[in-house]
Structures are given as structure tokens and as C-alpha cells.
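K.L.:
Protein chains in written order, with this note's numbering: chain A, 1 to 324; chain B, 1 to 494; chain C, 1 to 340.
Hints are computed from structural coordinates only; laboratory data are not their basis. Even glycine gets a Cβ: it sits at the ideal position worked out from N, Cα and C. Hints may contain errors.
Said to hold, decoys possible - Cβ pair distances, simulated, as ranges:
| id | chain 1 | residue 1 | chain 2 | residue 2 | range |
| --- | --- | --- | --- | --- | --- |
| 1 | B | LYS21 | A | ILE306 | 32 to 40 Å |
| 2 | A | PHE285 | B | ALA74 | 55 to 63 Å |
| 3 | B | ALA490 | C | ILE21 | 56 to 64 Å |
| 4 | C | SER160 | A | LYS29 | 28 to 36 Å |
Unchecked claim - Now the stretches of chain C that chain A is said to cover, found in silico as 3 or more residues with beta-carbon under 8 Å:
| id | segment |
| --- | --- |
| 5 | 74-82 |
| 6 | 95-108 |
| 7 | 236-245 |
| 8 | 256-263 |
| 9 | 304-311 |
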Amino acid sequence: MKKKLKIDDNIFRLIIILVVFLLIAGITKGNSFLKVSIFQTMGRQMAEYGLMAVGCGICMISGGIDLSCVYVANLCGISAALLMQKNENAILPAILLAIVIGAACGAFNGFLISYLRIPPMLATLGSYQLFQGISVVISNGSTVSGAPEKYTDFGMKTVAGIPAAFLVFVLIIIIMSVVMGKTKFGARVFLVGTNAKCATFAGIKNKSIIIKTYMISGIVSGCAGLLSLARINSAKADFGTSYTMQCILIAVLGGVNPNGGFGTIPGIAIAVLILQVLSSYLNTFPDVSNYYRDCIWGIALIGVLILNHVINKKKSDKLAKMGS
Amino acid sequence: MENILSVKGIKKSFGGVHALKGVDLTIRKGETHCLAGENGCGKSTIIKVISGFYKPDGGTIEVDGRDYPVMTPADAIKAGVQVIYQDFSIFPNLTVIENLAFNQVLANGKKFVNKKEFRKIAEEAVAKINFNVDMDALVETLPVADKQLIAISRALLDNAKLIIMDEPTTALTKKEVKRLFEIIADLKKNGITILFVSHKLDEVFEISDSITILRSGENVISCPASEMTEEKFAYYMTGRHFDNQELADNKKRTYGEEVLSVENLSAPGFEDISFKLHKGEILGVTGQLGSGRTELSLSLFGLNRPTAGRIMVEGKEAKLTDVSKAEELGIALVPEDRLTEGLFLPQSIIKNITVTRFDALAGRLGFIREDSLVEESAKWVKELGVATKNHEFPVQTLSGGNQQKVVLAKWLANNPKILILNGPTVGVDIGAKYDIHKLLHKLAADGMAIIVVSDDTAEVIATCDSAIVMHDGRITGILEKEDLTEAKLAEAAI
Amino acid sequence: MKKQMNKVLRQTEFWVFLIIIFLALIIQARSGAFFANNNIVDIMRSMICPSLYAVCALLAFVSTGPDVSFPLVAALSSYLAITISIKINYDGPWFVVYLIGMFFGALMGALNGFIIVKYKFPSLIVTLGTSSLFSGILLGTFEAARMDLPATLQRFAELSLLTVKNEKTGLGSTLPMTFLILVAVYIAAYLVLNYTMVGRGVYAIGGDEISAERAGFNVKKIRFGIFVVNGMIASIAGLCYAVMSMRYLPNEYAGGEMVVIAAIILGGTRMTGGIGTLKGCILGTLLLTMVTNSLILVGISVYWQKVFIGAIIIIGTAIPAIQSIFGKNKGKKVKGGEAA
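The following block holds chain A by itself, in its conformation from the complex (with noise of 0.2 Å):
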């Protein structure tokens, strides 16, 4: 009512962070850093784990969490390219079967969770297995490629000097953040990962929207599955397996509450630009081992996870001193 426009805390923060790596990276290795390739490059790479950030964090908010998105995500590219191969016209019907592939992956890990009631990290635990198996079986465990180069080249298109897969990235970055912020379902996945007891004595169906939580989820990633595909014209069913935690950590920095109920998707977004800045930045120091982001991340995440600590424990102390 008194400001229409809120930035919450978390996001003014994040943004510092961002801004302050920025200026870093600009300061000490300008030349080489601030070129429009590198931002090109930039771009689409973080879409893809992007997304599954995005889809990892809303499982989260709900109270649970989605260890399958990078699986979810090789088992669309790989299904996309098998049907390429064979057809090099049926690029539309490829994508929408990559959709559908990870929707109803999604689907299973949102059955598996509300209706068999399994542990989400044990049921998305299990099923990633089962579709790093499939894909595995469907693509005899090698490198499926050959997709046609209508297809991969929109992996290299940019429109205005900006490469097409950031711009699906932030599309679906829009697209959920007024699905969580503006609507009724969004409101509702906050109350379920909350309080999920709580949510069925207020009527809300919380085995519906916990299925639709991992449904958008599996597209979210299924589309990251996708991009990766034309980016690089191939698709495996170990690709990009360190992806996993990486998006439990852009998740948690992003501002994601580990136990359920809070995070935005601005925030995610912003934890994802992050870490690809850093990541960049590194990567124009050539003697530095790009196993040295691993470690960064860690740190990252850790000290994150204790700076919020600190912070919410100031502020709960000063909520409490109001109350009283």
C-alpha cells in the first residue's frame, strides 16, 4: 500500500554483489573481459543451468527439492536429437517432445512425492537414476548428435548483439517470476512448502500443485536440455553432471529458504548472473584451473548461507523486540 515498487532485502543485496564483481572484473582485466564475445558466451552458457536453477528453486520453495533436472534435461536433448536424425524437418515436433518428455517427468517426481509420499530428495534421487537409465537405454550410452543445422543454429543466433538462448532465458525468468509472485498458484506453493499440513486445512490441493511444482520443473529443464543440444549439437546421458549441486547453490544464494516457503525467482536470477560473472572472470586468467570455481562455489555458498543467518537473526531479534 505504501510503495508500490519493493525491492526486497536479499535482491538489493545480490545486486551489490553483482555490481561489485563487475566493477572488479572491469578494473583489473578490462581488455579482456569487457568484450561483447565474452558477454555472448556468457549468455548462453547460464541459460542453461539457469533454468534448472530456476526449476530446482521452485521445488525448493515448495518444500522439497529436484536433484533430476540435469537428468531431466539430457533425456529431452537426447529424445529432441534422436527425432532430429531421423527427420531434419521435425524441429518443431522435436521441441515439443522434449516439453512433453520433461513434463511428465516431472509429473512422475511430483507422483512419487504426493501421492507415494517419498522423501522428495530420495524420489528425485531415485528417478534421476531411472532417467540417466532411460537415457542411457535410448541412446546405447553414447553421444547423440546430428541434429539439423536449422536447429543448431539458433544455438549461435543473437538478435541485436544478444544471444537467443539468454533471451529464452529471461523469458522464462519473466514468465515465472509472475507465475510465483502474481498468481494464486504461486501464492500457493509458498503456503505448501511452508506448512503443508496447514495448506490442506485451508483447502488448498496440495498433491495438485506439488505435481505442477515438479511439472514446471521438468519443462523448465527440459528446455535447458534443449538449448544445450543446439549450443553444442550434442546430448549425452552424463552431461553436465556437476550441474546438480550447482543449482542447489544458486538456488540457496539466490535466496532461497533450504527448508521451504521463501525465495523469489528475481533472486535466483540474479545468483545466476553472479556466478557466471565469477565464472568468466576466472576463465580470462589462463593459469587458473577452471576446477578453482568449484571451490569458489563452495566458499560462495557456505558464506551466503551464514551472512543470511546473521542477517535474519537481527532482524527476528528487532521483530521481537517490536512485539513486545
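Could you slot chains B and C onto chain A? The hints should help.
P.N.:
Structure of chains B and C alone, referenced to chain A:
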């Protein structure tokens, strides 16, 4: 007679909030002393000070004639002070033996497990109160009353002189409460002093020799139980006078047409239940824990699927398969456990109130305007008098009574025809309880049909026009208007 | 007697045991090779590392929550132990290399423990973070690559406890000495968990942290200790893996955690803490190992391996859930009754 415990001028504050502002508490040896007060009056803080878990900012503690400038938890146990917490401090995943023996073994500084010794300690413990239990059972498989007895017998092992029981009857059936009181009487005979923390009037009068009442961290009164009356008790707890006559007068109501008819309904937890409910009627459903009253309320709300019989809402048969069906038919339920079933504790007051209104407030594509949520919530906060400074605050920052008002607001916002309340005033202060009862009368006068499910017979008598009494899943009595008395309720409950 | 029977029937371990027997008989019927001596030894051999990891997973789950850092603790600590031994040209008894590894493992575990105890963060997230950190140190800072073992470990690796040869097929199999390490760790864990107050404390904390504190357990110390011990066990497992592969392979460690967690959950460990046994760890690991090892015996392509593991995890975890749904309906009380 000498004092087992004497604390004077205890002060304690947390981050600038004064929880105790100089509290005195004197307990004579061998008596059963009741400590009463509303939520947040400082009862639990003073217990933690006495048992050594909190270091007071000022004041003196004297146990059994000895001064304790600094009291640690170990000191307290050595001095013979034992606390039985509401959660009983048990390990549900371990056996009865281990639950009983751990404290003793750890206190003796033993590093290794001697199974024979464990069993010996455990057997010695249960022998003290003649408690029969399967020693090798996992505690999570036992009923609540047995868990409490485990906590009591464990406390006795440490040569307890003073046992503090924090709201010990909350989760017990009438029968179990009776057994607990017998045990307390036995302990008293053996010279053990009991500090009984409770806010339930009838229990306080039945069990205690003397009473101390606290209000917002200060002493209000300490006196022998014989000098206390019901009106005084309520006044000392809240600082307000209540006009019970007004509530009683409200009961001269006339009903409208029938809105709900339950016919031979059976479901897990109860069998063959039939009754009718009219517009403007307040119907009580009472019975002990496990009588099926909660299950019945869940069935009427689509959370416990019936196996036989039918439910008619406004003359049409209703298939209540889930909560949203019940919601469509205008049925609302205020659940039994506010904290786990009624509220999204860390979420804002706004979200908690408007959760049932999402469908109504959303546009065609499911979009919701934030403003409309804020307006809706503000309306109900005002209507029910929820005391808060900011609607964006998490609901967990509110007191119990205000929290319950939020739960009520959530359902009233949906404008129900039938309102079911399960334990509407459990854990609610006397003041808020009075407000809630008044609100129910007002709602009934406006034509709402209300069902109050409660084991608090005083509450049923004060608010309901008629009542059904349940026992072991069946109806054992239906009491109409003037028949609704304490005596007849008790008679029907057996 | 009847009571005893009921107790056995209620244990998840018993049902897993039945499934194992059933599966073994099926595999035997289809291939005729399951009970062959070389296959049994193969399975025992494949179980060594996962079973050691299972102890880490068990301790963490029972007391606190999931620990997913053990594969990378194993990788980094065994890397350090092996590199140091090579650098100083160490050629004494083999177990000193293990001690060096355990020292580093303990340090890494202490980092986990410190963060989890001090800030009470979810252990899953913390150990994910430290895994990432350890992986960065291993592959970034040290640029770890394949390498040969120090001579003393090489000799240890060449020893074998048991060598069998299948008369029919001519296939042989050996059981390495590391199997004894596994047995030793399980015996030690069993004694500590069941016969010391600290061990009972592990279960007490998992049952109810506040009660444990009131009873006089040092919750923080025990929890911290668990993660330190986890680090040490992980480093033992890491070195065993290197010994059994005859060389150090830095990239082979990561990714094993999920299957191990699945194994102990199948073995009856409760995700919410407080319940879980070493017996269950062994049985759960055995079940998953049997499936992965026996697909070829039954004539199913290895490509299907993951599908089977996934299906077993899902079915295995769904059974208790389904049981509890039906169990609840049969019982007289429903949801609301428990709330009181």
C-alpha cells in the same frame, strides 16, 4: 512448616524484553503448589530459572534451606529439583529402558553401556509408581500417558524433592488425568513437593494446596487454594472482569432451517453417528481424547472419508472427498492444533488470512493483485481485533489468542454457512477465550450454524445450545438446551 | 516368542533380507552362476567401499541429516596421504599411510561439523558446499591426476585374503586385504554405537535433540565428533578404493554418495533421524551391489543398470510409505488423532 523452595525478586530480560520483573515464589515442603498465569506471563521462564537453565539478572534462589548464588542445571538436580516438561523430554526412537536409565548413567559419568545396570535402573524407576510397561518397547509406540509416566518415574530416580510439572494434563484423557492425580497424591504422601503449572481451573482446584498467579512477569497473588474462587482466579489471571451472564443470556436463541444432517455416518475413528444442525444453532460435540470427536470433525471437512452413511448439506447429499469440496459447500474448520494445522507460522498475517480467498480474489487467469490481499486482511484484522502493528509480520510474532483470531479470520473470510471449531480455545488466554466465545454467539445470531468440538465441558455449557457426547467412536448422549448441564454431560460420557 | 516374532517382522532389515534371498534365487535360476564362488567373492569385493561409505551416511542420517561430502573427503584425503608418502619416499608399514589419510579426513570432517554445529544449517546444503570446496582444492589447487601408489601400499594391494576359481567357467576372483579393514571398521562401529554412552548419544540426538541436552549428553560435541569420524571413515574408504584399483584415480570418487544413501535408506535408516542399524547398511548395500553386479549374469545389457537402480530406490522407498498409508487406515485413529 519449612520451605523447599524460596525465590525472591527474580528478574530476567531477553534483549530488552522484561520477562520477569522481580518474581517471588515460596513453596512449602510436601505441598502441591499451583503456578498459574496466561501465556507469556513468565511461567516457563521462572521454571527455567529454578531448574538452572536460565541465569537470572537479579534475585535470590534458596532450595531446601540452601542459597544458590549461581544455579546450574546440575546443581538443581543435585538439590532435588526435577522438571517434567510438556514434551516429557523423551527419546521416541529408543527403548523404555534407555529412556529411563540415560540421565542416571550420564550423571554418574559412566562412559560405557552395561545392559544389566540399565535394566536395573529402569526397573527401580517404574517400581516407584507401580508402572507396568514393556521395558523393551520403543517409546514412540506407547500412548501419551505412558510417556508421561516414564518422565515421572525417571524424575523420581534422582531423589527428587521438588517435581515441577509443566502443563501435565494437556494431552491426557480424563481417565489418564485421574491416574496422574492419584500418582501425585502418592508422591505427596512420600513427602515429595509438586509444583503444578496449569491454567485449567478445575484441575487447579482439585489438586493444589496453594496457588501463585503471575501476570506479565509479576506476582499477582499467592494464597491457599481454599481462599480462591473461580471469578477471582479469572480476574487475577487477566486483570479483567467477565460477564458470564451475558454469555448465558445469548443462549436464548431460536434456530432457522436445517443446514446439515448427518445420517448413520461411519468412518475410521467413529461409527453410526447421526445428528442435525440448524441455522443459528451452536452444537457441541464433546468426548474424551480418542472418543472420535476429532475424526468426526475431519469427516465433515473432507479429511476423513466416510465408509458408510451420508452427509446432507441443505437437503442435498454431499460427497466430501476433499477440503475444497467442503469449502464449496460453505463448511469451514478451525483445526485442533493451531500451530501445525492452523497457521503458516513464518508467513505474514496477510497470507495467513487470505489463503482461503485466493480463488475469489484472483482474476480469470489466476492473477492476484497484492492490494486486494492487503485490503481483505486489513478488514478482518480490524473486525476481530487482532493486535498487531504490521500485517506483514510473520504470524508467529503474535500471542496465542491473536493467532487463534487469525485462524478464525481465515475461515470467516470465506463466509461459511457451517463453522466447525475443534478445541477453539485450547492454549488461549482467558481474555481471548471470552472474546472468542462472544464472537461465536454473534455469528450464530447472524445465522451461522456452528459446531464446537471440545473436551472442555465448561466451554460446551457456556457456548452451546445442545451437545452430543461421544465415547469410543459412538454417540452416548444427546443433550438439548436445558438438559445441557455439567452433571448430565458427565453421566453421558461414561 | 510371538512378541519376538512380531518384532522381527516389523524390522525393515528382515524384509530387505527376504528380497535379497528372493533376488539371489531368481538370478541363480536364470544364470546358474549366482552362487558360484567367484561371483560371491566379486560381490564381497564390490561391497567394500560402498559399505564403508554407508557407515558415514548412517552416522550422519541417524544423528543429524544427510552428509554428501564423503566421496570428496575420500578423494582429497587419500590424494594427500598418497602424495605425501611418495614425496617423503615413505616405505614403512602400510597403515601409516592410512593414518595420514585419516588425519586429513578428520580435518575436513571437522570443517563440516563446525559449520553444522555452530550455525545449525541443514547438513545437506553444508556438505554440498564443502564437497564443492574439496573438489576445487583437489582438482584445481593440486591438479590431481592419476598416479601410482607408494610402494608400501602397492605391496599391500597385492596381498589377498582369498582367491577362488570357478571350475566350470575358469573365472577367478580374489578378495583383497581391504576386506579386513571393512570388518574392523564395522566391529568398531558396532561396539561404539551399542556399548558406549557416546554411541547411544548418537541415537539420542537423532531422537530428540533437546531431550538429549537435558539428559546430559553433550550434543554439540557428539555431533561435531560424528562428522570428524565420518571424515576418517571416508578417508579409509578412499584409500581402500585406491588400493583395490592399484592406483589413485581422482575422478572416480565423486557421484557415489546418492547410491550409498539410497542403500542405507533401503536398509531401514529413517530419513528423519534416530533410527538405523549397521545391519541395515550391509543389507542395503548388498542389495544394490547384487543388482549392479548381476545384470550381466542374467543377460541384461549394462545400459539398463541405472534404470534398475532407480527403480529399486523408488520401489524400496515407496513401500514403507505405502505401508504407512494402509496401516493408518486400518488403525482406528486417523491424522487428527495423532496431533494431540
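K.L.:
It remains to establish, for every hint, whether it holds in the given structure.
P.N.:
So, going through the hints one by one against the coordinates:
no.: 1; hint: B:LYS21 <-> A:ILE306: 32 to 40 Å; in the structure: 36 Å, holds
no.: 2; hint: A:PHE285 <-> B:ALA74: 55 to 63 Å; in the structure: 57 Å, holds
no.: 3; hint: B:ALA490 <-> C:ILE21: 56 to 64 Å; in the structure: 58 Å, holds
no.: 4; hint: C:SER160 <-> A:LYS29: 28 to 36 Å; in the structure: 55 Å, violated
no.: 5; hint: 74-82; in the structure: violated (count 0)
no.: 6; hint: 95-108; in the structure: violated (count 0)
no.: 7; hint: 236-245; in the structure: violated (count 0)
no.: 8; hint: 256-263; in the structure: holds (count 4)
no.: 9; hint: 304-311; in the structure: holds (count 8)
The structure is inconsistent with the numbered hints 4, 5, 6, 7, although it conforms to all the rest.
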